[in-house]
Amino acid sequence: MASPRNNGILIVDDQRDIADLVKILLEREGYNAYAFYDPFMALDHFRENFKNFALVIADVRMPGMSGIELVSKIKEIEQETIAILISAFERDTVEKEIKRCNVEIAEIFQKPILLKKLRLCVDEHIKKTGIERGRGN
962 MASPRNNGIL IVDDQRDIAD LVKILLEREG YNAYAFYDPF MALDHFRENF KNFALVIADV
1022 RMPGMSGIEL VSKIKEIEQE TIAILISAFE RDTVEKEIKR CNVEIAEIFQ KPILLKKLRL
1082 CVDEHIKKTG IERGRGN
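Sequential numbering from 962 applies to the sequence shown in our numbering.
Note that these hints are calculated values from the structure, not bench results.
For every residue, glycine included, the Cβ atom is placed at its ideal position computed from N, Cα and C.
What you were told as hints is all true, and nothing was included just to trick you.
Below 27 Å or equal to it, Euclidean Cα-Cα: the simulated DSS-like pairs (lysine-lysine) are:
| # | residue 1 | residue 2 |
| --- | --- | --- |
| 1 | K1078 | K1088 |
| 2 | K1034 | K1072 |
| 3 | K1012 | K1088 |
| 4 | K1057 | K1072 |
| 5 | K1089 | K1077 |
| 6 | K1072 | K1089 |
| 7 | K1012 | K1036 |
| 8 | K1034 | K1012 |
| 9 | K1089 | K1036 |
| 10 | K984 | K1089 |
| 11 | K1034 | K1057 |
| 12 | K984 | K1034 |
| 13 | K1088 | K1034 |
| 14 | K1034 | K1089 |
| 15 | K984 | K1036 |
| 16 | K1034 | K1060 |
| 17 | K1012 | K984 |
| 18 | K1089 | K1012 |
| 19 | K1078 | K984 |
Using C-beta positions, here's what the derived DEER-type ranges look like:
| # | residue 1 | residue 2 | range |
| --- | --- | --- | --- |
| 20 | Q976 | K1078 | 14 to 20 Å |
| 21 | C1062 | E990 | 26 to 32 Å |
| 22 | R1008 | D975 | 17 to 23 Å |
| 23 | R1052 | R1080 | 16 to 22 Å |
| 24 | L1075 | K1012 | 26 to 32 Å |
Build the full structure now, drawing on both the sequences and the hints.
Structure below.
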């Protein structure tokens, strides 16, 4: 049984414009979205507040730690966290790395991101958790 969580979404991308755009989009849809540009800072924040997050959206390629490594570390803290990756790499390349790292990823989006599809994907996965939008701390 999943632990009780809020509907927070952690967005991690070293490209600030992408992270901020996704954050704004999800906030407009009623989600509690938090954007980080550094995977280490995002991991620290998650570690301290993991019960507030249902989902993480991470870029695959970031300085110091890949999105796949970040998701792996997040899932060590809270296995039930849903993970979505965004990448400029070919899907096959990303899937091979995911398999190599043995980490569960719900979805992979290639850049440029179609925001409507990303929003629908987030909606679908959050709905499966039974968590409502806008549910505060």
